[in-house]
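Q: Sequence:
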Amino acid sequence: MHPTDEATLNQGLVELEIPEVFNEDWLAVLPEDFPKCLVVSGRIARADGEPITIEQYLELPEDFPALLNEYGELEMSPASDNVHNNRRNALFRLLSFYCEQCDNPNGARIEEEIFVPGFRSYRPDLTYFSRERLQTAIQPLGKRGQRYAVEAPDLVVEILSYSNLEKVVVGDEKKLWKQKDLSEWAPIFKELIKDKNLTKIDLHLKLYEATQVKEVWIVGEANNVYCPKLTVYRLASGKLNKIAEFMAGELFSSPLFPNLAIDPQWIESGAPKEFYRLSFIPKLDHDIDANKSPELAAQAKQLIRRIQQALTLPSQ
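If you're matching positions, the sequence shown starts at 1 in the UniProt record's numbering and goes up one per residue.
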């Protein structure tokens, strides 16, 4: 039996048994000065049993297809399908259009890697930082000075895929390195260790709560990740609470985006053309010459009335 297979099968093992002589086929392809690592069950762990540090992680190429997880391992991430990417991009375009009017053109960001002090890293599908916070949130890290977010974003958006719904096990039995208490994430997940029904998205929500993300949007649902449904979680008294669910045809608003209301259908098929002729700051209006484009102007006015009606509903 391959020694890494034996280590993986031995439940409760917290120290990876490494052979004295390596077979190079077992080693991950990493920079020359990177510690020797093994690939185990889709994760990359240091062969000496120590955790991979953030400093070492930042030395990897920027396009390296793995993230540093809570156990000091590199975890491979499956490629997203086109439906997932199209939905993410449609919402990114919509929020970017709004952010440009707020003098915050870089506020909406795709797959921004977040390094919050006391944690390792996470990379949501889409994030949003207010203009004020963006000035301090993005900082250089590592020897090469790459710029990363060092504060939790105001908004995290997760576009569900079936990999988000896979069961995960939190606890020492998953660690491939020696020190049981080295991970600073452990206290956050203490109450989750015995939960056998925990999914990756549950774990992500717990992390976003621990790092005090103000708002989380989940697109899709467990029974059908491609469903144009949006679930909103909002931070209150340190806890992320589920506020509401919205289906295609229903507008929802957020205190993060004054004068803006969004239809989940727009995440599925893109916002209508009249949306991109509206102005949201300082007030909801449109800039279409009714004499030149009467049909588009009428559609814009109708959309404004619809958004205004959604904004007058009780706080969501």
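Simulated from the structure, these hints should not be mistaken for lab results.
It is possible that some hints are incorrect.
List of simulated lysine to any residue pairs, SDA-like, C-alpha gap at most 20 Å [as the list claims (entries may be wrong)]:
| no. | residue 1 | residue 2 |
| --- | --- | --- |
| 1 | Lys167 | His204 |
| 2 | Lys200 | Asn223 |
| 3 | Lys273 | Gln299 |
Q: State for each hint whether it applies.
A: Hints versus structure:
no. : hint             : verdict
1   : Lys167 to His204 : holds (12 Å)
2   : Lys200 to Asn223 : holds (15 Å)
3   : Lys273 to Gln299 : holds (9 Å)
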